[in-house]
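Keeping the supplied structure of chain A fixed, place chain B upon it in accordance with the hints.
Okay, here's what each chain looks like letter by letter:
2 protein chains.
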Amino acid sequence: MKLKPAPKEKLKLIRALSLKKNRVAHKLFLIEGAKSVKELLNSQFDISFLLSTQTFLDQNAALLNKCPFPLFMAKVSDIERSGSLKTNNSAIAVAKIPENKPLAPNKSEYILALDDVRDPGNLGAIIRIADWYGITKLILSKNCADPYNPKTIIASMGSFTRVSFHQTNLFKYLEKSACQKIGATMEGQSIHKIKIATPAIIALGNESNGLSKLVLDSVNKTVSIPRFGHAESLNVAMAAAVICDNLKRS
Amino acid sequence: MKLKPAPKEKLKLIRALSLKKNRVAHKLFLIEGAKSVKELLNSQFDISFLLSTQTFLDQNAALLNKCPFPLFMAKVSDIERSGSLKTNNSAIAVAKIPENKPLAPNKSEYILALDDVRDPGNLGAIIRIADWYGITKLILSKNCADPYNPKTIIASMGSFTRVSFHQTNLFKYLEKSACQKIGATMEGQSIHKIKIATPAIIALGNESNGLSKLVLDSVNKTVSIPRFGHAESLNVAMAAAVICDNLKRS
Chain A
9 MKLKPAPKEK LKLIRALSLK KNRVAHKLFL IEGAKSVKEL LNSQFDISFL
59 LSTQTFLDQN AALLNKCPFP LFMAKVSDIE RSGSLKTNNS AIAVAKIPEN
109 KPLAPNKSEY ILALDDVRDP GNLGAIIRIA DWYGITKLIL SKNCADPYNP
159 KTIIASMGSF TRVSFHQTNL FKYLEKSACQ KIGATMEGQS IHKIKIATPA
209 IIALGNESNG LSKLVLDSVN KTVSIPRFGH AESLNVAMAA AVICDNLKRS
Chain B
9 MKLKPAPKEK LKLIRALSLK KNRVAHKLFL IEGAKSVKEL LNSQFDISFL
59 LSTQTFLDQN AALLNKCPFP LFMAKVSDIE RSGSLKTNNS AIAVAKIPEN
109 KPLAPNKSEY ILALDDVRDP GNLGAIIRIA DWYGITKLIL SKNCADPYNP
159 KTIIASMGSF TRVSFHQTNL FKYLEKSACQ KIGATMEGQS IHKIKIATPA
209 IIALGNESNG LSKLVLDSVN KTVSIPRFGH AESLNVAMAA AVICDNLKRS
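Sequences listed follow chains A and B, in order.
Take the first sequence: its position 93, counted from the start at 1, is 101 in this note's numbering, and no numbers get skipped.
Take the second sequence: its position 26, counted from the start at 1, is 34 in this note's numbering, and no numbers get skipped.
Hint data in this document are derived by calculation from the structure and do not stem from the laboratory.
Watch out, some of these pointers could steer you wrong.
The list makes no distinction among identical chains, and a pair is therefore deemed to hold if it is satisfied within one copy or across any two copies.
Stated by the list, open to error - Taking lysine to aspartate or glutamate pairs in the DMTMM-like style, the calculated list, with each CA pair at most 25 Å apart, reads:
(1) Lys46 - Asp154
(2) Lys12 - Asp66
(3) Lys35 - Glu195
(4) Lys109 - Asp54
(5) Lys94 - Asp127
(6) Lys43 - Asp127
(7) Lys145 - Glu240
(8) Lys256 - Glu195
(9) Lys28 - Glu183
(10) Lys184 - Asp86
(11) Lys150 - Asp86
(12) Lys46 - Glu215
(13) Lys201 - Glu117
(14) Lys159 - Asp54
(15) Lys109 - Asp86
(16) Lys46 - Glu195
(17) Lys43 - Glu240
(18) Lys28 - Asp225
(19) Lys94 - Glu240
(20) Lys94 - Asp225
(21) Lys28 - Glu117
(22) Lys43 - Asp54
(23) Lys159 - Glu215
(24) Lys159 - Asp127
(25) Lys74 - Glu183
(26) Lys46 - Glu240
Note that the structure is predicted; figures quoted are calculated from it, not measured.
Chain A on its own, in the form it takes in the complex:
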């Protein structure tokens, strides 16, 4: 396959998409690195265009051969200079941000709700954990990190293709939800000792302050991860992993 080199305006667009205001204006986001781009190519996302190095092209000829979107050749240095990965010798793609559609758990589902989780890396890690545990819906409060931040997409390790997001007023969302709503706090019932039935929404809070008062007031129950030592807290992504593991054990 012989490709045209990436036009300068495509590289410029990629650089612009590191900022949220540009992602919102263009309704586009970045997917970087071999693993994430391959997961993207196997997903239903609407890909706008893709920049590939010769190496990535050679290794993924079958996947790339029948692409319905424009494909350009790029040097590693161009990809690294335009994108946000320090080292990326493979590919960078630009895809459409899916519509922000409402999401609710079905009868046999748990879903996670994040209240003011600010760090894009934590959000990406939680998306990966959700995907590991078969949780495919994530509700995000409006002050959460942007799920289409390049750092979030990178940290999700391809799991963004299998987890849907709905960013909304979380308090109102919880108020309207008829199913069981559980908040993760430092003083709830031990997650080792209760069984949570589906459907349920599990809310996790901010890195420093936990759940906001409004969200706390709208959950039916609070749960905690038992502590056996002396650390003051667990990081929110670690807490998400432990809680999901407890939800899913039979």
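Relative to the frame of chain A, chain B by itself:
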């Protein structure tokens, strides 16, 4: 309390301690930020000296009043320029690196062994998790990140004061250990379905490659975290959190 301003050579030493070769040469490491420094002040670590802003001094007068080590005043800008925290308006301390003493689990203990965990942030996160779950001993292979890397200390959120490290040839260490040795892999027995008795050593592997062949060959059993969805893997710190939670549930 009235303090002298930090001499230039102290600031220079702090900058030097961001590099491992200098930490090894001086046998000193950095502790940065209010939370970590306060935990340090309440620990048995041998503190060499401390730089404090006026704010931190005012807020922690009781803790700092009877310090047996030199205490200097510093501007926020000096602390931030010398240390590795982007924002630090409180304090930075320099303390002696403890001796690298052998560690073994006692009868009622689990201990973690890390095989080639390279990322200082992951190592710090694992230290924090160990501390949450009351695991106070950590064996590190020689190619693991340095536990006294400033990024590790920061990520441990003060838990480095309660968890001891022994960096050694992990394969030889496991070979000599008489207790049960468990390896975390992708194809082991479900951690939901087995009970691991103490004393036991739980080995976790490299971010990309998992456990090395030598370590795999020296464990008695392998365990896995059941997957319910499609993510290819869990980050090693997430895996550590889930495994510790399963070890400790009664």
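How the hints compare with the structure:
1. Lys46 - Asp154: Only inside one copy: Lys46 and Asp154 sit 22 Å apart there, 33 Å across copies, limit 25 Å.
2. Lys12 - Asp66: So Lys12 and Asp66 pass the 25 Å test inside one copy only (15 Å; across, 63 Å).
3. Lys35 - Glu195: neither (41 Å within a copy, 40 Å between copies)
4. Lys109 - Asp54: Close inside one copy (16 Å), not across copies (56 Å); limit 25 Å.
5. Lys94 - Asp127: both (19 Å within a copy, 15 Å between copies)
6. Lys43 - Asp127: both (22 Å within a copy, 19 Å between copies)
7. Lys145 - Glu240: between (29 Å within a copy, 18 Å between copies)
8. Lys256 - Glu195: For Lys256 and Glu195, both the intra-copy (22 Å) and inter-copy (19 Å) Cα distances are at most 25 Å.
9. Lys28 - Glu183: neither (29 Å within a copy, 52 Å between copies)
10. Lys184 - Asp86: neither (48 Å within a copy, 51 Å between copies)
11. Lys150 - Asp86: Intra 34 Å, inter 36 Å, cutoff 25 Å: neither.
12. Lys46 - Glu215: between (31 Å within a copy, 20 Å between copies)
13. Lys201 - Glu117: Answer is both: 20 Å inside a copy and 23 Å across each meet the 25 Å cutoff.
14. Lys159 - Asp54: Answer is within: at 20 Å inside a copy they meet the 25 Å cutoff, but 38 Å across does not.
15. Lys109 - Asp86: neither (35 Å within a copy, 48 Å between copies)
16. Lys46 - Glu195: Intra 42 Å, inter 24 Å, cutoff 25 Å: inter-copy only.
17. Lys43 - Glu240: Classified as between; 10 Å across copies, 35 Å inside a copy.
18. Lys28 - Asp225: For Lys28 and Asp225, neither the intra-copy (31 Å) nor the inter-copy (48 Å) Cα distance is at most 25 Å.
19. Lys94 - Glu240: between (33 Å within a copy, 22 Å between copies)
20. Lys94 - Asp225: Intra 42 Å, inter 35 Å, cutoff 25 Å: neither.
21. Lys28 - Glu117: Neither: 31 Å inside a chain and 48 Å across chains, both beyond 25 Å.
22. Lys43 - Asp54: within (18 Å within a copy, 45 Å between copies)
23. Lys159 - Glu215: both (17 Å within a copy, 18 Å between copies)
24. Lys159 - Asp127: both (9 Å within a copy, 17 Å between copies)
25. Lys74 - Glu183: neither (46 Å within a copy, 52 Å between copies)
26. Lys46 - Glu240: Between copies only: 13 Å across chains, 39 Å inside a chain, cut-off 25 Å.
Checked against the numbered hints given earlier, the structure breaks hints 3, 9, 10, 11, 15, 18, 20, 21 and 25 and satisfies all the rest.
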